[in-house]
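Colleague: Protein chains in written order, with the working numbering: chain A, 1 to 504; chain B, 1 to 939; chain C, 1 to 117; chain D, 1 to 108; chain E, 1 to 89; chain F, 1 to 163.
Bear in mind the hints are in silico, worked out from the structure with no lab data behind them. Watch out, some of these pointers could steer you wrong.
List of simulated lysine-lysine pairs, DSS-like, C-alpha gap at most 30 Å [unchecked claim]:
| hint | chain 1 | residue 1 | chain 2 | residue 2 |
| --- | --- | --- | --- | --- |
| 1 | B | Lys445 | B | Lys368 |
| 2 | D | Lys95 | D | Lys26 |
| 3 | D | Lys59 | B | Lys895 |
| 4 | D | Lys26 | E | Lys26 |
| 5 | B | Lys445 | B | Lys297 |
| 6 | D | Lys95 | F | Lys89 |
| 7 | B | Lys925 | B | Lys778 |
| 8 | A | Lys438 | B | Lys449 |
| 9 | B | Lys778 | D | Lys95 |
The structure displayed is predicted, hence computed values, not measured ones.
Spelled out, the chains give:
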Amino acid sequence: MMHLTALPVLLPLIGGFLLLFTGRNIQLQRQLHLALMLGLLIVSGLALQTALTGQYSLYQLGNWQPPFGIVLVLDRLSAMLVLLTTLLALGALVYAIATDTDHQGPHFHVLFQLQLFGLNGAFLTGDLFNLFVFFEVLLLASYGLLLHGGGRLRTRAGLHYVVINLIGSTLFLFAVGTLYGMLGTLNIADMAQRMAQLPAEDQGVVAAAGLLLLVVFGIKAAMFPLYLWLPAAYAQAPAAVAALFAIMTKVGLYAIIRVHGTVFGEQAGALAYIHSQWLLLLGMVTLALAALGVMASRGLREQVAYLVLASVATLLIAIGLNTAEALAASLYYLVHSTLIAGAMFLLADIISRSRAAMQDQFIPGPVLPNIILIGSVFMLIAIAMTGMPPLSGFFGKVMILHAALAHDWYAAIVAVILVSGLLMIISMARTGSLLFYKAHESHGEAGPASKPLAVAAVLALLTAAPLLVVFAQPFTAFTETTTAQLLNTQAYIEAVLSTAGDLP
Amino acid sequence: MSFLSVNLPLVALLPFFGAPLAAFAARYHRLASAWTAGLVTILSLLFLLPSARFPFNGDTLIQSWDWIPAAGLEFAFRLDGLALLFALLILVIGLLIVIYARYYLSDRDSMGRFFAYLLMFMGSMLGIVLSENLIQLLVFWELTSLTSFLLISYWQHRQDARQGARMALAITGAGGLALLAGILLIGHVVGSFNLTDVLAAGDEIRAHSLYLPILLLILLGVFTKSAQFPFHFWLPHAMAAPTPVSAYLHSATMVKAGIFLLARLFPALSGTTEWMWLVGGAGLLTLILGAYTALVKHDLKGLLAYSTLSHLGLITLLFGFSTPMATVAAIFHIINHATFKASLFMVAGIIDHETGTRDMRRLNGLLKYMPHTAVLAMIAAAAMAGVPLLNGFLSKEMFFEQAVLASDTSMITWAIPVLVTLAAAFSVAYSIRFIHDVFFNGEAKDLPKTPHEPPRFMKIPVDLLVVLCLVVGIAPMLVAGPILAVAVSGSLQTATPDFSIALWHGFNLPLLMSVIAMAAGVWLYWQRQIIYRLHEQLNERFDGKAVFDRLLSQINGFAAMITRRFDKGSLQHAALWIIGTAVLAGVIGFANQSAPLFGERALLPIDAISLMLVTGLIIASVLTAVLHRQRLVALITIGVVGLIVALGFVKFSAPDLALTQLSIEIVTIVLLLLALFFLPQLAPAESDKTRLWRDGGIALLAGGAVSVLAMAVLSRDFMPISGFFIENSVPGGGGTNVVNVILVDFRGFDTLGEIVVLALAGLGIFAMMRGLKLPAPKLDFSGRDWSNDPHPPIMQTLTRLLFPLMLMVAVFIFLRGHNLPGGGFIAGLIASVALIAQYLANGIDWTSDRLRFDMHKVIGFGLLIAVMTGVVAMMLGYPFLTSAFTYLYWPVVGKFEVASAIAFDIGVFLVVVGATVMILVQLGKLTHEANHRQQQEQK
Amino acid sequence: MEWLIALAIGVMTACGVFLTLRPHTFSVVLGLTLLAYAVNVFLFAMGRLTIGQPVVIDATATGYADPLPQALVLTAIVIAFGMTAFLIVLALKARSELGNDHVDGLHISNKKNGARR
Amino acid sequence: MLEWLLAALIVIGAFFTLVGSIGLYKLPDFYMRLHGPTKASTLGVGAVLVASAVYFTFKTGDVSLHEILVTLFLFITAPVSAHLMAKAALHIQVKQLERTRQTHKGQD
Amino acid sequence: MIHTAIMIAYVMVGLAFVLSLARLVKGPELPDRILALDTLYINTIALLILLGIHLGSAMYFEAALLIAVMGFMGTLALSKYLLRGDIME
Amino acid sequence: MMRRLLPHPVLSVFLWLIWLLLNNTMAAGHVVLGAVLAVFIPWLSSAFWPEQVCIKKPLVLLRYILVVLWSIIVANINVARLILGRSDKLQPGFISLELRLQSPVGISMLSNTISLTPGTVSCDLSDDRRYLLIHALHIDDVEAIISDIQNRFEQPLLEIFES
Ligand code: NA
Ligand code: NA
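If we strip away everything but chain A, and leave its shape as in the complex, we get (with noise of 0.2 Å):
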């Protein structure tokens, strides 16, 4: 089917106009948006099937072949990353609806569809500066859903997320602007072509755009020293939104894989893979501070979003490791990290609710409902987050580490993802031990019990944990083969540009 590769994209904005026309009638506008989540999830699967052959699909909008045209293109991760942003989507969503989220203002379901809109845009767009206007279109999104609801420290937090995001845009525009002004070219496969032909006497302003790209996508994928929007942002969304943005993050890792990997690799000379020793660093520094973070937290979901930082921060050092080992594992880690991020923010929600007027904060509380399965629950994605065995956030991280290995500073590596592993297990048992074990009648009145949707859709994305270690074989052989045609980047510019010269 043609389209296909379109689909992703298309869907979630005829989507998010149509949620438009619903008006106010929420039960419609579930009932519509879950259809079209269900829609998205078929698309997704048959994308990634298609993709799974090893071919790239290209799809050539307006039908004017690239480099000219805008082209969108399917390959293995782009696909990998879709189907995970749906199902993320879907246990945000579902959860969202269980707790009446979307009920608290207007357009959360259209916001929530163009949010995806933007995500999937961003994963398949083959050209730089379509890759900004999906930024921009998932970021101005993902500020409506921010603060949808309202509330004083959400205001603030938004307004410092929107704030930096619009410093970074700028900075993707001059980043943008000077790659074109050298390459004279948008097209990523194209610019990657270009590349190998630079001369050395324009090197020196390549690089100095590369790394400026490399300061925007850092901004996104919550680098060192940029990450400051994300532990405020992340506390105060609300649940399904944070949750949900917990691939926010990895589209701008997925931004330094697809443009950094490919206009930035092998075939760059000089210039190839500059920019893998600054993610190393910085994802270094990043962990070590995300890990102090979790440590100096005093709510949990400021605890969550460091967290969240710190796998983040364990992808930056992955990729910055730049073999074919470490990409693989970075992959794994990525969806695992995604999905248990979202179970976690929604899993804190839960608590904070049901702790009532004790909140998230780090006090003793009130017993709460269902305190056992709660508790359970929270353990197990503590273990997976943490990087604990033997579920798949372990097992990403051994991946991790052995590709680590073959590098010159595998120690300082080594030593900074297991020293942090350990503070944030530290801290991990002082929270579930205060919300848990110190739990107590006489802390005050207990909220109401948790909806089952809401807590189904909290181990619906749980269930990840154990499937990624029981199908790790299977899903290692995917991450490798994703990684062996990620690292090809000569066939990826010779797919993206074969039907360049013939008129449409």
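Following the hints, position chains B, C, D, E and F with the ligands against chain A.
Modeller: Structure of chains B, C, D, E and F with the ligands alone, referenced to chain A:
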């Protein structure tokens, strides 16, 4: 696939499957979970036993499956002698513990939870000892940390239980991570994580430059788990656990996991000086320290805990000797210690259970209340003290012998036998204390309960273990010889050295040492009050827990300090970092390449107009920055910047841009004015002058960097793809305005995204506005009343007059867009401005009454139309957004073009109008409501 | 001429950065607006400067300006407008909920710190 | 001849534009300065526009009259601007030159 | 001839531009600055038409037209702001 | 029917002319399109034109426009002299003028004309719409200015809109 090729994983995993069953069973009956746990343990044992013949035949059974080849991880199990011994210990003692615990737990304790945890722990331990793959071993290793956390904190309402559990988790967790690092390095060196390969590569590992790091990391794991000095302090605090847990974890299993690993990796790591010093040193220190502390503890379980430490030190020291015979002694003592210490813990549990206290200063003369228990305790304690006829004596003798042997090898090792004897003396002393202070020594002092014998079945496990102590002590080779032999061979991975364990070895140095230790032990116990006093004085200084707590709180403080210092919650701080990093990134990127900054492209000459425009631009920009505190002024000056930018676009051949910029400029001013109404008119002066200078500095730096960057590009030639657009604009896109054709056709997808952004802004603002309340300022910034003429009539009349004219212009700009500067965007903005002018001049009510469009719908339809043009193409079998155009001829009208891109542009137009008007009018309504509220209040 | 434009971009950037780093929302909005101008001009200039060369196909034209950056800037302008609008309304919301127009909502942080110590 | 006419129109237009700005710059109070731009927007821009119309008419051979529209729109909008600015200035009591005369006609 | 006239006109309009800017800088009061902005719009129209004649391109006309139609909106809004604070009520 | 289709015929003619001017053409296509728009746009915006504007004497209007244009040229020259001369010689002043005009359009036209002719700016309209406040750059003779406005501008406007 036969049973014997899959049973090992089942042995380890069965308890995990059993755990939820046990928890679930408790729902039906309290005891059902105990039965489940017992049956699962027996089942596991039954699964294991058929394979026991392999080790006894000298074979190693390996069962493995691929898992994550990338990380060298296989799902692989191994059964050799060592594994068998430990698996048996875990299962057999585990079974006894299950029986014991069923009676120990009170009605208030949740049985389901306990047995579920216990089974998970058992599975983890089995996993450790049965693993063939080191990573997998580590998985189970960490699982023991987690499950023991759950077990230790079982009585979660008790603070000491929570803290003890967390400390145990922190220490053993840390060790586990070190172990992971060590294992990874081993894998790096050997090229495999499978024990078969690793154990065969001992020489390779020892010769490798990474040997020392590997050793240190592995030992960190071992020492933390086995509570060796200096990580010993967590163990006593873990005694807050229910006694069955202590009996299981801290005698036979968890603390033995470290010892197991020493035995396991013995062929790979032992034999070097580093090994001897590190392993031996830690063992010796722990041995002495533990023995001493055990004597001075008044808590029954405390005594046992430190005694355990001491015995683990003993075993460690034996491994440190690095000889085959020492290994024999070590493994033998592992068996012995497991039996007598488990029984002693159970006894302690019985006493605690029946009397309500464990304080030996209160417990006295229990003999007459529980004689049976007393006898059991005495035998087990004698074994601990190393009294002949009991198993403890035998392994202690072997240990003395090894200590003596070791002392020959180098200079200061003479100290080893001496210290070892001293430790043994303390061991005798605390063993006596355990018996004398509890069962004799006069009458008990105000016990919470009246003691009596425990239920029969609570004693049966102890009976069995005590019998084992005796049997082994009397006929060691018969009872323990075979399993010891295979275990040693499994550990050494070579043939077992010839050994013979007998009660009587003749008069030799070890026997003399035993005698001295006995005598000295009695004397020490007799003089115990002196030691207690001494200890009291030293107590404060050597508290491992205090050190740990201090360290943890320091780390916490450090974490908080760093986090709050970097994540200040300050936007300025965050922005400064980002901008600084961006500048730095550019500079570094450039500096790392040895390329010239500027190229050699011929530059355009400067003309007067441009010079003037740029001068104006700079003045206005700087003025905005300087006068920003006077907000209205800054708004005016920024308007000038926008105007000049637009002029610049015209000057440099970009009329479309100029038109867009001009329109946006005006809308922006209105927008900012609407908002400014609610903000203070003057920003307060900033008190922090250094910050101003710093920001000024970074601003100049950023500006300079951007200038240089721009110049670096502008001074070079490039080969853009734009020629394609110019060539294909008319034939392919049907329009002569290339910019517009790019927007609606070549890159229509960008434009689609862009109108979505605009729509989102509108919707987002609409959502944000709901419930937003702001007080309207009653007076203007200089304190005057506002004018009372809301809609000056002259403005009203003329603006209304202008409305159709502006719409006409909008249509004009729209229609020509495809061929000449203009298009949907600009037309949309003009139409918006026309509407906004009406709102401005006539007021919201008046205008809204006459404008009956819901802007939501306008946006929706705009998007719909834009998307539909793309979807129609899809239906015709072309990619999304493929355009089509044709020329029609109508009479009178003549030839004209019809293009699908125009439809797309209509969509753009509608979204722009809808979003812009919605945004501004929403804002306007805010003031409207605010004023309205105020008027109501005045009434 | 290129120098002149580069200078103009630099000055706008510098002023924009300075304003973005101010502590009150309105200044930040102004700063980001200036930055948007700067980057738009920058992006536009990346097609190189041309005077008197159209972007409309015309038989008499001797050459054409690079139309692509122009299209990009047009997109960027509109997006920047949407963003600015959103931000300014958010600033109002912050003013309403936090009670002041400081970017960090000063009262909140004061209260919080006070409670914590 | 045409050239001369064009040149004259251009210079006249520019001159009045300049005069407007000189007035804006030099006159002593706001209300007097307000008269400056109205000059520029009428005769200044008007003359230049006529020049443009003439120029393009003769250059392309087709009558170019759309310049009239600019003037038309300016004639509608510029006075509104001036009116509102003056009204605003009066409202916030911008200082007047002391010798400003006040005449009230028709009250009596 | 025309060329010379245009050059002279450039200088004069340029000077006008600069004088308007000077008023913008000097103020002293808000209406003065609004007036300066308004004048700059008018100057810009003149400049655009001049450019059109100079470069023989009709491309500059739309910009001038747009300023003529919409340029007053800024002035209107700013003045209304001074009068009422609330510009859309 | 006709009222609803063509609510403001004058406006429609006016818009049609503007369309042709905008496109700088008399091509048949634009003549038709312009006519369509000239009907459509007033229809679309009719709500914004609450009062019927009727021009009673079109010829007077034409003459009025010429007069205004001529006044503008003359006044421009005068004012240029004033501005370039010494500003301390200038005698500025406010004049409050009682209006005879009553229709809003008429008043607006007058105010516009006053502002367009250099040397005078209409500053304010009293709330009761009876007085127009005018600022004059230089006053030699108040009565001359007033009678000038009344005779040259207000009188024809009265004829056009209110006769
Ligand atoms: Na308003
Ligand atoms: Na006048």
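Colleague: All hints are to be evaluated individually against the structure, with a verdict given for each.
Modeller: Structure-based check of each hint:
Proposed proximity of Lys445 of chain B and Lys368 of chain B is supported: the alpha carbons are some 15 Å apart, at most 30 Å. A distance of roughly 16 Å separates the Cα atoms of Lys95 of chain D and Lys26 of chain D; the hinted pair therefore holds under the 30 Å criterion. Between Lys59 of chain D and Lys895 of chain B the CA atoms are separated by roughly 26 Å; this keeps the pair inside 30 Å, and the hint holds. Under the criterion of a C-alpha separation no larger than 30 Å, the hint pairing Lys26 of chain D with Lys26 of chain E is consistent with the structure, at around 11 Å.
With a CA separation close to 18 Å, the supplied pair Lys445 of chain B and Lys297 of chain B stays within the 30 Å bound. The straight-line distance between the Cα atoms of Lys95 of chain D and Lys89 of chain F is roughly 19 Å, inside the 30 Å bound, and the hint therefore holds. Straight-line distance between C-alpha atoms of Lys925 of chain B and Lys778 of chain B comes to about 17 Å, which keeps the hinted pair within the 30 Å bound. At most 30 Å may separate the alpha-carbon atoms for a hinted pair to count; Lys438 of chain A and Lys449 of chain B meet this at roughly 29 Å.
Restraint check for Lys778 of chain B and Lys95 of chain D: the C-alpha separation of about 23 Å stays at or below 30 Å, so the hint holds.
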